[in-house]
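Please put together the full structure from these sequences, using the hints given.
The lines below spell out each chain.
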Amino acid sequence: MVDIVIIGAGVIGSFVARSLSKYQLSICVTDRHIDAAMGASGANSGIIHAGYDAIPGTLKAKFNIEGSDMMEKTCEELNVPYKKTGSLVIAFNDEEISKIQEMYDHGTKEGIRDMSLISKEQVLTLEPNLSPEIKGALLAKTAAIVSPYKLNINALENAVRNGVEFLREHTVLGIKKEKEVFSVITDKGTLTCRMVINCAGLYADEIARMVGDDSFKIIPRSGEYILLDKSEGTLVNHVVFQAPTMEGKGVLITSTVDGNLLIGPDAKEIKDKDERDTHRSSIDYVYKKGLQTTDKLLLHKSVTIFTGVRATPDKGDFIIEESRYCKGFINVAGIESPGLSSAPAIGNHVALIVKSIIGDISEKENYSMTLEKKKYFSEMNEEEKKEAILKNPLYGKIICRCESVTEGEIIDSIHQKAGAVTIDGVKRRTRAGMGRCQGGFCLPHVMDILSRELKVDKDKIQKGDEGSYILTGRTRQ
Amino acid sequence: MIYHELIIIGGGPAGMAAAVTARERGISDLLIIERENMLGGILKQCIHNGFGLHYFSEELTGSEYAAKFVDKIDELKISYKLNTMVLSVDGNKMVYTSNEEDGYVIYKAKAIILAMGCRERPRGNLRIPGSNPSGVLTAGTAQRFVNIDGYLPGTSCVILGSGDIGLIMARRLTLEGVKVKAVCEIMPHPGGLVRNIEQCLNDYDIPLKLSHTVFSIHGKKRVEGVTIAMVDEHFNIIENTKEYIACDTLLLSVGLIPENELTFAMGAKIDSVTNGAFVNQNLETSVEGVFSCGNVLHVHDLVDYVTLEGIKAAEHAVEHIKNNALKTIRRVTVVAAAGIRYVMPQYIDITEEEEVVRVYFRSRKVFKEVSTFASCDDVWISKRRHLRLLPAEMEFIEVNTNDIKDDTVYIGVDA
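Chains as they are written, first to last, in my numbering: chain A, 5 to 481; chain B, 4 to 418.
Among the hints, a few may not be true.
With a straight-line Cα cutoff of 27 Å, these simulated DSS-like cross-link-like pairs (lysine-lysine) come out [said to hold, decoys possible]: (1) A/K462 <-> B/K182; (2) A/K113 <-> A/K253; (3) A/K272 <-> B/K325; (4) B/K223 <-> A/K277; (5) B/K325 <-> B/K272.
Calculated from the structure, these hints are not laboratory results.
Pasting the structure below:
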């Protein structure tokens with residue numbers, strides 16, 4: 005019996021766990037995947053929005069603005085790459101000019117700092133590579149970029165270090181409640197608890213229905229992206245959005261915290277919540293849309309293409325409340341964009357809801373809201389490199405040549421509390437395999453290290469979830 | 004900081020040949036830096052034969068070919084660092100390295116030979132749509148799993164691209180009991196050597212589907228199949244030609260990219276077609292005293308040619324170290340003209356001495372019974388007959404420097 009079961013180790017579940025981890029509560033985070041950040045949180049634009057998009061008065065607006073304000077410090081605490089690049093919403097015609105005016109008014113009403121409407125000339129001074137067709141733009145200096153999976157993984161790591169238990173590969177099959185006690189039935193056994201927090205992302209509606217709550221529905225929507233080589237990463241300095249139209253928010257172009265260039269997404273409803281396919285038509289669309297912003301996009305510089313998903317709530321706004329149908333069951337659902345920006349604020353808010361239900365809970369004697377400072381080897385200066393290798397010689401051994409990731413970093417990523425157990429897990433924690441050769445060189449080496457450190461045979465190593473094995477057996481001897 | 008007269012980056016065939024040559028020509032203070040745990044480069048995993056016919060006049064496996072050079076390096080007591088990654092090189096010929104034993108070490112050299120080889124083009128660069136399961140890997144990575152680690156990457160596969168590694172792996176996997184269902188090649192002609200098409204596909208009845216590509220990958224966790232389709236002359240998918248092939252593995256043999264991060268970082272000029280450095284006929288890059296050879300310069304068909312290029316780079320690096328290099332009077336640019344995809348060298352430096360320069364090139368498409376020419380100011384200064392020209396096979400034409408009257412030489416196909 006634990007106090008709380010959090011369903012879902014996405015960025016929301018992880019931040020809820022982190023916010024609650026300082027209290028004297030026993031908490032489990034379950035996820036049906038083998039690692040954190042395997043749903044919407046793992047593949048998105050990685051943008052911390054300034055907050056002018058959402059309609060004033062909505063939860064989206066509230067938590068976006070709060071979260072965005074908290075983000076720099078949170079990233080500092082969690083050792084997550086964060087860069088305050090600012091954002092531009094560009095307008096090509098009068099209709100779009102009035103749209104960005106409207107967004108500016110929304111933002112002003114919400115008290116967002118450092119926003120301004122700027123002229124074509126100002127835009128082109130800030131962003132010389134953008135199309136000369138631009139008429140003007142909304143500049144928001146507080147917008148930023150982060151590593152979305154790092155934010156997710158490190159929030160969970162922080163929570164686990166504070167005593168939260170992370171249960172991987174636990175698919176919730178049903179939930180029963182008897183006399184104030186929940187039984188969360190999973191494919192790996194039943195967990196009993198006093199409270200359940202539903203952070204199940206795309207599946208949040210199905211989880212809610214397990215306790216008789218059918219008050220909302222999650223509509224899965226996909227968005228496809230193109231990631232370009234680091235050689236293209238300086239094409240733009242800001243996150244550059246196109247003005248939202250009837251079709252959606254539009255295709256953005258941004259550098260990533262790792263220095264690549266990201267173009268996307270499109271928006272499409274999908275039937276299968278587990279589908280992450282990319283399509284020629286979508287990639288073509290994203291590229292063509294991107295070209296309207298700048299004609300300097302070089303498609304042959306692509307490193308990868310990928311699909312992200314959005315857990316769009318049927319009612320439009322975030323759902324963050326105790327279910328009206330089941331006491332002790334909290335829905336944190338429909339957290340689509342600006343969910344990443346909102347995550348730390350949502351985490352804290354859910355902790356308040358929990359406190360309001362359970363009553364006063366005292367803080368643990370020993371907890372920490374920070375992870376130790378750690379730079380990627382590739383970002384260290386000469387002295388830091390020397391020192392790191394002196395401390396641990398395995399920091400001298402480069403495994404991923406494209407991203408200069410060392411064996412020491414990979415081993416650390418495996419042995420941290422909520423550590424990597426898969427190739428993708430290592431990749432998202434260390435960047436090994438994320439560079440331009442996409443793991444062609446380091447994959448066998450990373451497999452050797454995983455196999456040695458986890459003490460499993462090499463042909464048991466998976467890319468991601470069960471079934472994604474890489475090798476199928478030995479050769480003829 | 005540690006000084007060496009010559010530093011060779013990469014201990015594969017190009018680097019090893021360069022090292023042996025430099026030592027034989029009197030350079031005692033030289034160092035090879037290799038990132039893997041043994042010398043040999045990609046040859047280590049090439050256990051098939053067909054190597055050495057030109058250079059050693061005998062047929063060897065890749066590992067045997069490498070061993071001959073490794074033995075020579077040991078015999079000549081040439082020093083090398085294994086498990087050592089060069090993190091960066093700068094224009095002052097400082098080489099920044101890291102390894103487990105020595106930590107972070109900076110070297111400086113009088114001359115550098117770049118011999119880092121190439122990497123395989125990954126899925127993301129091709130933007131093959133579909134799902135993102137395990138079981139999609141490059142042919143070279145698969146080759147490493149099979150030949151070095153002793154593991155199989157799948158049980159049934161489709162190979163995209165008819166590059167030589169893909170063809171070799173088609174045979175290797177077939178011999179291991181893996182069902183190779185098809186090799187798809189987007190071009191209307193094969194990418195690999197004719198002999199490999201014969202010996203690796205035809206001998207095993209593996210279908211080669213020309214003008215075909217992979218339209219989409221299926222399977223959420225592991226590859227379950229691929230949809231292939233025919234393409235038209237502009238490489239657009241022809242809709243009604245789609246065909247589903249069930250398989251658990253997709254191997255990619257869709258091109259090799261010279262690994263020039265270091266070259267680029269030091270400020271050397273890069274050719275956007277070869278993805279290698281711009282060099283003169285001495286294989287010297289735009290950074291004085293820095294030479295490039297082997298697959299890092301441009302992708303070769305045969306290792307024998309890589310060896311020869313390594314030797315050549317070393318010969319000129321030695322001249323540079325001994326301050327014997329001839330002074331350049333003027334620099335001529337070599338340009339790929341009609342029917343030619345690229346040329347190497349991209350520059351010819353004219354000195355006081357007359358010289359016959361061999362300009363290597365690849366054709367854009369298949370030609371039969373044609374001539375290639377070198378022209379200067381619309382005048383042919385050289386001509387060569389070819390029974391056939393294949394994009395997969397490197398060719399050359401010779402140019403006498405005395406005939407070069409202009410500052411540009413064009414190499415083209417007389418069609």
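Hint check:
A threshold of 27 Å between alpha carbons decides the hint, and for A/K462 with B/K182 the separation of about 22 Å falls inside it, so the pair holds. At most 27 Å may separate the alpha-carbon atoms for a hinted pair to count; A/K113 and A/K253 meet this at roughly 21 Å. Distance hint between A/K272 and B/K325 is unfulfilled; the C-alpha atoms sit about 66 Å from each other, more than 27 Å. A distance of roughly 12 Å separates the Cα atoms of B/K223 and A/K277; the hinted pair therefore holds under the 27 Å criterion.
Annotation: proposed proximity of B/K325 to B/K272 holds, straight-line Cα distance about 25 Å (limit 27 Å).
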